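The lines below spell out each chain.
2 protein chains.
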Amino acid sequence: MSAIDKLSPEYRRLLELPLYGHLGTIRPDETVQVNPMWYEFDGTHVRFTHTTTRQKFRNLQHNPSMSLSIVDPDEPTHYLEVRGMLVETIPDPEGAFYVHLGERYGKPLGGTPADAADRVILVMSIERTTKQ
Amino acid sequence: MSAIDKLSPEYRRLLELPLYGHLGTIRPDETVQVNPMWYEFDGTHVRFTHTTTRQKFRNLQHNPSMSLSIVDPDEPTHYLEVRGMLVETIPDPEGAFYVHLGERYGKPLGGTPADAADRVILVMSIERTTKQ
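Chains A and B are the protein sequences, given in the same order.
Those letters in the first sequence? Residues 1 to 132, by our numbering.
Those letters in the second sequence? Residues 1 to 132, by our numbering.
Okay, chain A solo, but in the shape it has when bound (with noise of 0.2 Å):
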């Protein structure tokens, strides 16, 4: 049994909500950084958008992990934090994954963003869950 199946209704549903999850990844100084991200699950992965260009990537070239913590809104002390690691990197030129998870997340972003070229989806296994 996965990781994904072995989680309840209740704490699946923080997976497919438009929430703001929280990324943890490691930087090559062996420091830890967190960001807010939107997201969007696909039943089995977790999917992100990002740029080459930027910090985040350049922790993951070096250490995969990937850690993604979400907390209930209709009860803080609750939440999921789903563990695994950058499984693909997938190339998003025309920024149509970025543009989705705007509308997604109620935010248009009214156009291709202008750092489209740079673009990227980044794919997370899901291989560890632990929750409250």
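If you're looking for bench data, these hints aren't it; they were derived computationally from the structure.
Note that the structure is a prediction, hence the values are computed from the model and not measured.
There are no misleading hints in this set.
Just so you know, same-sequence chains aren't split out, so a pair can sit in one copy or run between any two.
Straight-line distance between alpha carbons at most 20 Å, and here's what the computed SDA-like set of lysine to any residue pairs gives:
1) Lys6 / Thr44
2) Lys107 / Phe41
3) Lys56 / Thr89
4) Lys131 / Arg27
5) Lys107 / Lys131
6) Lys131 / Tyr20
7) Lys131 / Arg58
8) Lys56 / Glu30
9) Lys131 / Pro76
10) Lys131 / Thr53
11) Lys56 / Lys131
12) Lys131 / Gln55
13) Lys56 / Arg27
14) Lys131 / Arg12
15) Lys107 / Gln132
16) Lys131 / Leu19
17) Lys107 / Pro73
18) Lys131 / Met37
19) Lys56 / Gln132
20) Lys56 / Thr31
21) Lys131 / Thr31
22) Lys107 / Thr77
23) Lys56 / Thr130
24) Lys107 / Glu75
25) Lys131 / His50
26) Lys56 / His78
Starting from the structure of chain A, add chain B where the hints point.
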């Protein structure tokens, strides 16, 4: 000028309010962990309640790096990340700081926590900030 002194009131406010921060640490196997945490900023350091028996404590014995990400509740595309390290661990054998944080966050514990004997205060330095 310290990283804290450089913060505008708009972002310093995120450290001062009783929000849910997401704390990143690095596990001994070089994977990343992120969890929501109550916190209190004392003007210099960020303080958390924790126990000596839990994974985050073991992580910090191995690598003291810490990063706390806080989203602006009024505009979730704004956030503050503070990065630093564990600089002190203060025993809290009555769980008094845990009780204090419970009150600060509107979740009073109603007495001494069951794990009081293992309770500690984690004191995090602030060395860098990033914001959006």
